[in-house]
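*Asks:* Going down the list, the sequences are from chains A and B. In terms of the UniProt record's numbering, the first sequence has 302 at position 302, counting the first letter as 1, and numbering is strictly consecutive. In terms of the UniProt record's numbering, the second sequence has 24 at position 24, counting the first letter as 1, and numbering is strictly consecutive.
Treat the hints as calculated values from the structure; they're not laboratory data. Just so you know, not all the hints are guaranteed correct.
Since the list can't tell identical chains apart, any single copy or any two copies may satisfy a pair.
[Unchecked claim] Think about it this way: if two alpha-carbon atoms lie no more than 27 Å apart in a straight line, the pair counts; the simulated DSS-like pairs of lysine-lysine are:
| id | residue 1 | residue 2 |
| --- | --- | --- |
| 1 | Lys283 | Lys164 |
| 2 | Lys382 | Lys432 |
| 3 | Lys405 | Lys164 |
| 4 | Lys397 | Lys168 |
| 5 | Lys168 | Lys395 |
| 6 | Lys405 | Lys155 |
| 7 | Lys114 | Lys405 |
Residue-level listing of the chains:
Number of protein chains: 2
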Amino acid sequence: MAASPFSSIRSTPKISAPAALVVPRRRSSVDLRSASANPLRVQIGGAAARTSRIRARIAASATPVMEEAAAGKESGSRVSTVVNVDLGNRSYPIYIGSSLLDEPDLLQRHVHGKRVLVVTNTTIAPLYLEKVTEALTHGNSNISVESVILPDGEKYKNMETLMKVFDKAVESRLDRRCTFVALGGGVIGDMCGFAAAAFLRGVNFIQIPTTLMAQVDSSVGGKTGINHPLGKNLIGAFYQPQCVLVDTDTLNTLPDRELASGIAEVVKYGLIRDAAFFEWQEKNMQALLARDPSALAYAIKRSCENKAEVVSLDEKESGLRATLNLGHTFGHAIETGVGYGQWLHGEAVAAGMVMAVDMSRRLGWIDDTIMNRVLNILQHAKLPIVPPETMTVEKFKNTMAVDKKVADGLLRLILLKGPLGSCVFTGDYDRKALDETLHAFCKN
Amino acid sequence: MAASPFSSIRSTPKISAPAALVVPRRRSSVDLRSASANPLRVQIGGAAARTSRIRARIAASATPVMEEAAAGKESGSRVSTVVNVDLGNRSYPIYIGSSLLDEPDLLQRHVHGKRVLVVTNTTIAPLYLEKVTEALTHGNSNISVESVILPDGEKYKNMETLMKVFDKAVESRLDRRCTFVALGGGVIGDMCGFAAAAFLRGVNFIQIPTTLMAQVDSSVGGKTGINHPLGKNLIGAFYQPQCVLVDTDTLNTLPDRELASGIAEVVKYGLIRDAAFFEWQEKNMQALLARDPSALAYAIKRSCENKAEVVSLDEKESGLRATLNLGHTFGHAIETGVGYGQWLHGEAVAAGMVMAVDMSRRLGWIDDTIMNRVLNILQHAKLPIVPPETMTVEKFKNTMAVDKKVADGLLRLILLKGPLGSCVFTGDYDRKALDETLHAFCKN
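So here's chain A without its partners, still in its complex pose (with noise of 0.2 Å):
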């Protein structure tokens, strides 16, 4: 039933955009520059620039990560940086750099007490496992690591697999100053993060997230919880990790449609707020797409001080932080529409933010070039730019219904507005315009 991704983006798009897409040639060479030489210099661009209520202080460390690392690793000494998540006492790092599971320390100085429970799958446990357990105990006995290994997919982020958690926990008779550690892709952090935050009512976590869509979305923002047969993520709670690790490492295991689903958040971020990010991808996509360290460690970066900076100015999501959903509403309806499982989030989030890019277009709020990039650079990262043709208006309908962003029965949207990198979260808009792209998208 379920259709795939690649299969839509094959098919003849039913919105109104230029039939014949244009994707514009790409230098030969991929430009780096502007983001290794200096890539502690970020310059938060569009919106971001010119709120005047930004209270945060988003740091991104000048020294390296682990000096004793870098000296041996040409390309860690470049690419390891610290992002600060400020958010008061529930502050944390987040690390960023390749071969940082070869430093015990990092991880060892945020364990809490004794015992760590690390929480995985089938696919990370075979690859990750034992290095991570090393790192939790290498020149530390007194450490003690338990794991759970969890089947893999967002069909298990449910229930029944936290249970499996609980029941790991319990039987292991961890305390609560217990470590629980999720290993694995956003699945697994959403579900380790839920599971620590109820476990005696709150254990401390930590996430070593193997995935670009982990990397530069669930690292940010404390956002874990479990799918609903019913919905997305509709049982969760805001929970705080002591600290993040990336180890760019952990991409080279990863299929392509996954960084091309991780990818589709990174492009997000440049919409929503950082014109200058985006125009950095449309120059470095194919950096990206071949795994280029020092690229992806970039992308990593920007995107975590991005989400980052919303966050902190929004912890609990009242209104800024919702931007940060660009694409995913319409998105979260095709993966229940799908079936969880079927589409990658990323992949969902693509169609959809073009869904959203193509009423914001409607609308008379931005202008179509817009709209000709975000179909191009998503083309150019192999991601769908519609959603499949078993999705109706109804079921659009149906699932947007129950969307944590519907208020007193009326439905919010992120939509672009005025130049590139910005946009409004608002139930604002004609419907008309809402009606026109769910049919412009879907055959019936």
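With the hints as your guide, set chain B onto chain A.
*Replies:* Below, chain B without anything else, positioned relative to chain A:
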């Protein structure tokens, strides 16, 4: 298998307390003047008065909650009062008095959004659901009320039952601006509170506790959660309500055994920090058992004030707050050992308090007279003073090993130390005393 707590009361205590317990003669007329004439001039005695670290402002408003309501009701005007739980931007009021459910405004001022989900059980729904629905909607046709009626009892305080709340909330398409209302005892309050904490990562909730236990215990502190098959309250959240409404009239339908269970917690407050309140209880136990509304309202108010003060000083249970668990470590072991729901929580706590007091006595930390007064007051309330015969030393030790107060393998306990109204939370005690107490109270 599980023994009735009352068979235990009749069994000969194996503890070394005096074989013949002297029950002091009581006044034939209950002296409530000190409580009802100036119910708001409460002296927080004992340990509380001594602490110089008090940062909390615990206010008991001098104004009756509802002047109109009070006008026509003699007792109402004397007992209606507000205890403010001061937790910064998560502060909330506890309204205490009779006929408060007849005052729609009191509830409606705390409802966020237009939609309410009342979570209650099969026992309470026939008694109060209609009344609460009327109070929520009276004069306000904008408010729509859904309800979910759960099976009654501690044994249903599990993930399966919790899912019924989420199912109802999702099926009803409730959004973030809805309000959950807990109508029932502690189990309903704990489950509804955890559901509210986790649904869409947090919605507003209101507590309407209908048991004395819930009124004096779960009204304050924001502890919510469910049980795991291997332990009580192992999964949950700290989450504060918008308000708590205690209508003392709901106690008129409470079975005697449940009333006594609540009294166990009232006694606890006296023992851990309020000697004057303990003395008041010794004088007024008969009035409490006879459900004198003024005596009940005073006991609830003073219990909530004591708990609010402790919680304000230590919201996340790092130390001081743990003292509220006097008797609970032993008590939880009893509840787990005999199976949830066989013994009421307060019954288990009563026997647990006797064990904790016995251990304190063995350590030489308290005078023998305190032990006698504890035995006397609990027996007067018809509460058990020894664990059921099925409890073994091994059962106690197994459950206590997974207690939340274990830190790095060391079991910390709340024990009395010094004059009446003084206690400590410590892992620094002679293990021999714990062993002796366990063996004194268990056959094997």
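*Asks:* Going through the earlier hints one by one, which of them does the structure break, listed in rising order?
*Replies:* 1, 2
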